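A.B. asks: Spelled out, the chains give:
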Amino acid sequence: MSAAAPPYLLGELARRFGCTLAGPAQLSIEGVGALHPGQPGTIAFLANGRYRRHLHSSRAAAVVLRPEDAAECRLPALIHDNPYLIYAHIATLFAPPAPRPEPGRHATASVARDAWVAPSVSIAAHVTIGSEVVLAEGVLVGPGCVVERGACLGEGTVLVGMCHVGAGVTMGKRCHVHPGAVIGADGFGFARGPQGWLKIPQLGSVVLGDEVEVGANTTIDRGAIDNTELADGVKLDNQVQIGHNVRIGKDTVIAGCTGVAGSTIIGARCLIGGAVAIGGHLEIADDVTITGMSMVTHSLRHPGTYSSGIAAAPNQVWRRNAAAFAHLDELRREVRRMRRGRLHEQG
Amino acid sequence: MSAAAPPYLLGELARRFGCTLAGPAQLSIEGVGALHPGQPGTIAFLANGRYRRHLHSSRAAAVVLRPEDAAECRLPALIHDNPYLIYAHIATLFAPPAPRPEPGRHATASVARDAWVAPSVSIAAHVTIGSEVVLAEGVLVGPGCVVERGACLGEGTVLVGMCHVGAGVTMGKRCHVHPGAVIGADGFGFARGPQGWLKIPQLGSVVLGDEVEVGANTTIDRGAIDNTELADGVKLDNQVQIGHNVRIGKDTVIAGCTGVAGSTIIGARCLIGGAVAIGGHLEIADDVTITGMSMVTHSLRHPGTYSSGIAAAPNQVWRRNAAAFAHLDELRREVRRMRRGRLHEQG
Amino acid sequence: MSAAAPPYLLGELARRFGCTLAGPAQLSIEGVGALHPGQPGTIAFLANGRYRRHLHSSRAAAVVLRPEDAAECRLPALIHDNPYLIYAHIATLFAPPAPRPEPGRHATASVARDAWVAPSVSIAAHVTIGSEVVLAEGVLVGPGCVVERGACLGEGTVLVGMCHVGAGVTMGKRCHVHPGAVIGADGFGFARGPQGWLKIPQLGSVVLGDEVEVGANTTIDRGAIDNTELADGVKLDNQVQIGHNVRIGKDTVIAGCTGVAGSTIIGARCLIGGAVAIGGHLEIADDVTITGMSMVTHSLRHPGTYSSGIAAAPNQVWRRNAAAFAHLDELRREVRRMRRGRLHEQG
Chain A
451 MSAAAPPYLL
461 GELARRFGCT
471 LAGPAQLSIE
481 GVGALHPGQP
491 GTIAFLANGR
501 YRRHLHSSRA
511 AAVVLRPEDA
521 AECRLPALIH
531 DNPYLIYAHI
541 ATLFAPPAPR
551 PEPGRHATAS
561 VARDAWVAPS
571 VSIAAHVTIG
581 SEVVLAEGVL
591 VGPGCVVERG
601 ACLGEGTVLV
611 GMCHVGAGVT
621 MGKRCHVHPG
631 AVIGADGFGF
641 ARGPQGWLKI
651 PQLGSVVLGD
661 EVEVGANTTI
671 DRGAIDNTEL
681 ADGVKLDNQV
691 QIGHNVRIGK
701 DTVIAGCTGV
711 AGSTIIGARC
721 LIGGAVAIGG
731 HLEIADDVTI
741 TGMSMVTHSL
751 RHPGTYSSGI
761 AAAPNQVWRR
771 NAAAFAHLDE
781 LRREVRRMRR
791 GRLHEQG
Chain B
451 MSAAAPPYLL
461 GELARRFGCT
471 LAGPAQLSIE
481 GVGALHPGQP
491 GTIAFLANGR
501 YRRHLHSSRA
511 AAVVLRPEDA
521 AECRLPALIH
531 DNPYLIYAHI
541 ATLFAPPAPR
551 PEPGRHATAS
561 VARDAWVAPS
571 VSIAAHVTIG
581 SEVVLAEGVL
591 VGPGCVVERG
601 ACLGEGTVLV
611 GMCHVGAGVT
621 MGKRCHVHPG
631 AVIGADGFGF
641 ARGPQGWLKI
651 PQLGSVVLGD
661 EVEVGANTTI
671 DRGAIDNTEL
681 ADGVKLDNQV
691 QIGHNVRIGK
701 DTVIAGCTGV
711 AGSTIIGARC
721 LIGGAVAIGG
731 HLEIADDVTI
741 TGMSMVTHSL
751 RHPGTYSSGI
761 AAAPNQVWRR
771 NAAAFAHLDE
781 LRREVRRMRR
791 GRLHEQG
Chain C
451 MSAAAPPYLL
461 GELARRFGCT
471 LAGPAQLSIE
481 GVGALHPGQP
491 GTIAFLANGR
501 YRRHLHSSRA
511 AAVVLRPEDA
521 AECRLPALIH
531 DNPYLIYAHI
541 ATLFAPPAPR
551 PEPGRHATAS
561 VARDAWVAPS
571 VSIAAHVTIG
581 SEVVLAEGVL
591 VGPGCVVERG
601 ACLGEGTVLV
611 GMCHVGAGVT
621 MGKRCHVHPG
631 AVIGADGFGF
641 ARGPQGWLKI
651 PQLGSVVLGD
661 EVEVGANTTI
671 DRGAIDNTEL
681 ADGVKLDNQV
691 QIGHNVRIGK
701 DTVIAGCTGV
711 AGSTIIGARC
721 LIGGAVAIGG
731 HLEIADDVTI
741 TGMSMVTHSL
751 RHPGTYSSGI
761 AAAPNQVWRR
771 NAAAFAHLDE
781 LRREVRRMRR
791 GRLHEQG
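Chains A, B and C supply the protein sequences, listed in that same order. Each number in our numbering comes from the position in the first sequence (counting from 1) with 450 added on. Each number in our numbering comes from the position in the second sequence (counting from 1) with 450 added on. Each number in our numbering comes from the position in the third sequence (counting from 1) with 450 added on.
The hints are simulated quantities; they were obtained by calculation from the structure and are not laboratory data. This one's a predicted model, so the numbers in the text were calculated from it and none came from an experiment. Accuracy of the hints is not assured; some may be wrong.
As the list claims (entries may be wrong) - If you only want the chain A side, here are some residues facing chain B, beta carbon under 10 Å, derived:
hint, residue
1, GLY473
2, ARG563
3, ALA565
4, HIS628
5, GLY683
6, GLN689
7, ILE760
8, PRO764
9, ASN765
Stated by the list, open to error - 25 Å max Cα-Cα, derived DSS-like pairs, lysine-lysine:
hint, chain 1, residue 1, chain 2, residue 2
10, A, LYS700, B, LYS649
11, B, LYS700, C, LYS649
12, B, LYS700, A, LYS623
13, C, LYS700, C, LYS623
14, A, LYS623, A, LYS700
15, C, LYS623, A, LYS649
16, B, LYS649, B, LYS700
17, C, LYS649, B, LYS623
18, A, LYS649, C, LYS700
Claimed, not checked - Reference listing, derived: stretches of chain A covered by chain B, where coverage requires no fewer than 3 residues with Cβ under 8 Å from a Cβ of chain B:
hint, stretch
19, 456-469
20, 475-489
21, 610-623
22, 658-665
23, 702-712
24, 728-735
Where is the CB? At the ideal position from N, CA and C, for every residue including glycine.
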């Protein structure tokens, strides 16, 4: 059996990914699996401390974990500071290669005559490709996608299916766009005039770097004047909304249901939680972490972790505290008055 | 006229659905309608106390209501503890049967040769059905849907249109999936490596029980290792996001715009309001109610109602209270100091 | 060169749009552009004070701004109280006319025989048009749209692509619907019965007035009994959710990710920020402004600006304040007790 195909020996996985081996090098690993309850023959991982208790009961054959968790572990283990990364490598090794559709275009696809389609591109059923679109080598366009005129998809980029790519949108290499994503719809701009709202033409486009991931039903609007830009390695989860003119730096990650209003600039390597709302015209520095459901109304100019929001409590407790909040400023003034009164008495 | 077709007599509706009749049994009811302003000939319902005032002005022929509201009611009535349920039954009785498309597949549909399609299945225009898909008796696949390879839809399940069902997703019987829903997109998992983010293969799938409702533009991600699972009778409203590995118990209902982060386990019969954000890796017990816009960052291990969030106030009031919140911990310390000072003085 | 085609002279733009000219009337303007860094030959605008500093460095040929900003401006300028509106007019003047598809239907479109399609209508690839649909003059139906039976689109209405319009939905003239929008899915209504949830038939429809904008992946549910109604000039951004039976008044604007629960009535000319959650069965008066991420749980019966939410702070500050919030009612009681104690001592 060649080392290049599963199963793999535990010792070989240790060597390949630079882990410390704690257990029999000859142990055969047939796949990856969950820690709990654990499937015999598979390797699991422990990255989140709250699952540590499962180490004792897991039926997995081996586990990837941190040095500090190794002492507790009775299972054969691969020890590494970043077990999630090692798991990612091992899972990729074992993952069945996705059945890649044949190059060519489905009989039902509608492709403009003047679109430029590389030979290795695969275009699925019911796809619409507009005029002057460019699809580079290895591009996959899944069923039901629409790619409007002049859009340009870099090598190896995948539209999974039912994605809508607006006119002139540019994507780099190996981007991955999930179903229902809409990239390049008009930004939301209206000026109030005497006869009601006047629509502002949205003249910019959207430019995605390489290896950008766009989640299901996520929307990225085209710029009003300049482009909306996402740098290389940006990862957006599902149902994220990116307003017009937003710029997002390299390797920033945004979790589901988060919205970024127009013209905000977000730095590189930020970690933005789910259901966060970020106002418009703000600047978020590099290396900022924003925890889930935060409300960001001011620029965050320094790296660090920022938060807001109050966690759910039993309804009656919440009612009382929320009622008190409605008088919080009064309370503060009252305390100030009392303190001044005391100081006066004492003085 | 047979009792099986409209109009129905009020007395018959009372008998059929176990209500107390307050009014003429021979009153003919031609349909359902709203309480306000009320349409002659129709039966309305009153379930929400804030509409009680409309009882006096309604032009409806009759109304379904609770015993405690009957005294106030001058209209003929059906009295029951759960008027909304009775209304649901009556409305269903009167609802025009949805025009059911003929069995068969539209000429434009693209169906893989090795898909298994029951004879009574109806497949609409511009549908894509992948390899090894199974569509059981009575399945309806509306226009523009994509069902990827190996997915399996149980008897009577309906995809209304433009739904995306990923590879290997399994749905039970009589599920109802609204347009734009994306079931089985990749979960959001990336490990940070020295060269940027490494995508974690999402090896699990999505399994829906029977009679699951999935709202428009709702997304349910496939599991990372194990499956994402929704039990029988789960109802999701529009624009709900369900992360990978989430499990949701029987008959739990989730209102619109709510997000559930990965690996969270939600019990049975929960009622989760709209715009709620539920963090990852949590456990929510059976019979938990969470009110709208709550932020859930800890497990809720006991049945009951949980809430967070502060209601909107006039902007100036809010500004002052929010400013005070930014110093809330100081305020608390100040009060403690003052109390200790007082105790000291008194002691 | 005719005055009807670009470039335009600055003096002519001033005349045409009623601005005060500050600079050479003969200056040739070739297009619109951003203020920063500014592109030679273009006209920019300054409406948001936070960009005022760019006036000094901009390379734009001219700028539209308010009287109070004119003193600081060394560039040729058009002065007006509403520079954003003037910019909208000028940008529209310069915007390349969108390439309008030819009237007719694409070979792949599926159009019911008894649909009524005006001669100037354009129907793109992979569109499905149901029975008895009415498409008035000038309607554009972009690629992949589904328009279900009996829906009616007024003159000049545009479905950009991949929009889903449910049965019987009515739209006025010149509506603009972006990709992924779902108009007329079932409202979310279930009654709890002894055997689980019973679906309430959603018998109403959706009625949109003229010039309604519906953003990408926005959802508008059909009414349960009566219709869901959006008046003329309503503008919805992306990923907005409108529940069943909601009514929204003329020219109200709702920013992205906002949800409105069922049966709520919103007045005219409201400005509703992004990520706002508005509960069900409420009334919002005309001319109400709600700032982003507010939670609205009570009716807002008077014009004015309403807000809630706490802005993100450094994580440690937030932790302390959020912990204090959990005891806010106790704190308030403590302060009351102390005050009473003091009054007692003093009394």
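A.B. asks: Please list, smallest to largest, the hint numbers that this structure does not respect.
C.D. replies: As far as the earlier hints go, 1, 2, 3, 12, 16, 19 and 24 are violated by this structure, in ascending order.
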